[in-house]
Amino acid sequence: MHTITRHIPNALTLSNVFFGCLALTALYGGASYEQVGWWIALGALCDFLDGAAARALKVSSPLGKELDSLADMVTFGVVPASIAFRMLQNIGFGWAAAAFLIAAASALRLARFNLDERQQTYFIGVPTPANTLFWLGMPFLWQQIDLPPRLSLLLLLGMILLSSYWLLAPWALFSLKFKNLSWHDNRIRYIFVALSIFCLALQQWGGLPLLIVLYVLLSWFFFSPKQ
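Read in order, the letters of the sequence shown correspond to residues 951 to 1177 in the numbering used here.
Derived by calculation from the structure, the hints in this document are not laboratory data.
Honestly, I wouldn't trust all of these hints.
As the list claims (entries may be wrong) - Per label pair, the in silico range of CB-to-CB distance:
no., residue 1, residue 2, range
1, I1041, K1008, 43 to 53 angstroms
2, T1071, A981, 32 to 42 angstroms
3, A1151, G980, 25 to 35 angstroms
4, Y978, Y1115, 25 to 35 angstroms
5, G1042, L1007, 41 to 51 angstroms
6, S982, K1015, 31 to 41 angstroms
7, L1167, I1095, 19 to 29 angstroms
8, S1132, L1020, 30 to 40 angstroms
9, S982, N1130, 32 to 42 angstroms
10, F1043, I954, 44 to 54 angstroms
11, G1044, Y978, 10 to 20 angstroms
12, I954, V1163, 38 to 48 angstroms
13, W1170, S1011, 30 to 40 angstroms
14, G1042, R956, 47 to 57 angstroms
Unchecked claim - With a Cα cut of at most 20 angstroms, we get these calculated EDC-like pairs of lysine to aspartate or glutamate:
no., residue 1, residue 2
15, K1129, E1067
16, K1015, D1066
17, K1015, E1067
18, K1127, E1067
19, K1127, D1066
We put the beta carbon where it would ideally sit given N, CA and C, even for glycine.
Go ahead and model the full structure; you've got the sequences and the hints to work with.
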């Protein structure tokens, strides 16, 4: 039984890859962004559970750590870049190819994370799952904006550059891990959760980019790594 259970975390990590690939298939097959979102959600669930399972079973390993980063590169690196690519592809391949700057920045972000011992209780730069949520919600928010094609192109390219930068930016951003339930120790987390519920209730999928921007702003103004 022990031989079987020690493989559970890696099986969950590989499931993350599986669902990330299904998200990519849905994207390039012309499926709705809602369907893409559910595949991403399943991948994210597996990403959460693999670490929890490794800790619970006490079977953490260097292989699992590297495998986790490779899985995240698919679901939280290539997938958001592909969403941006799909949004830009009607403009022309040359412009749409710029979307894969997100994938390149995500790869560097994940490699840095594996080597940076500071990021145990907080993050430096926007985490790749948060960046994925930003891009997952962007098509829904974009539908509500009526802009001339040239301005749309410039705005999308600007967001690609911004999201590629904030993955690597030297910004200290709070983690959503609660060590306890006290208001004093988790004030910024409770505020963020409340604002997230409001954004999602107001805009549903389209609220995702808003809550990621809120996450960055709250971290800038109200978070210190000493907290």
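Out of the numbered hints, which ones does the structure contradict?
Of the numbered hints, all hold.
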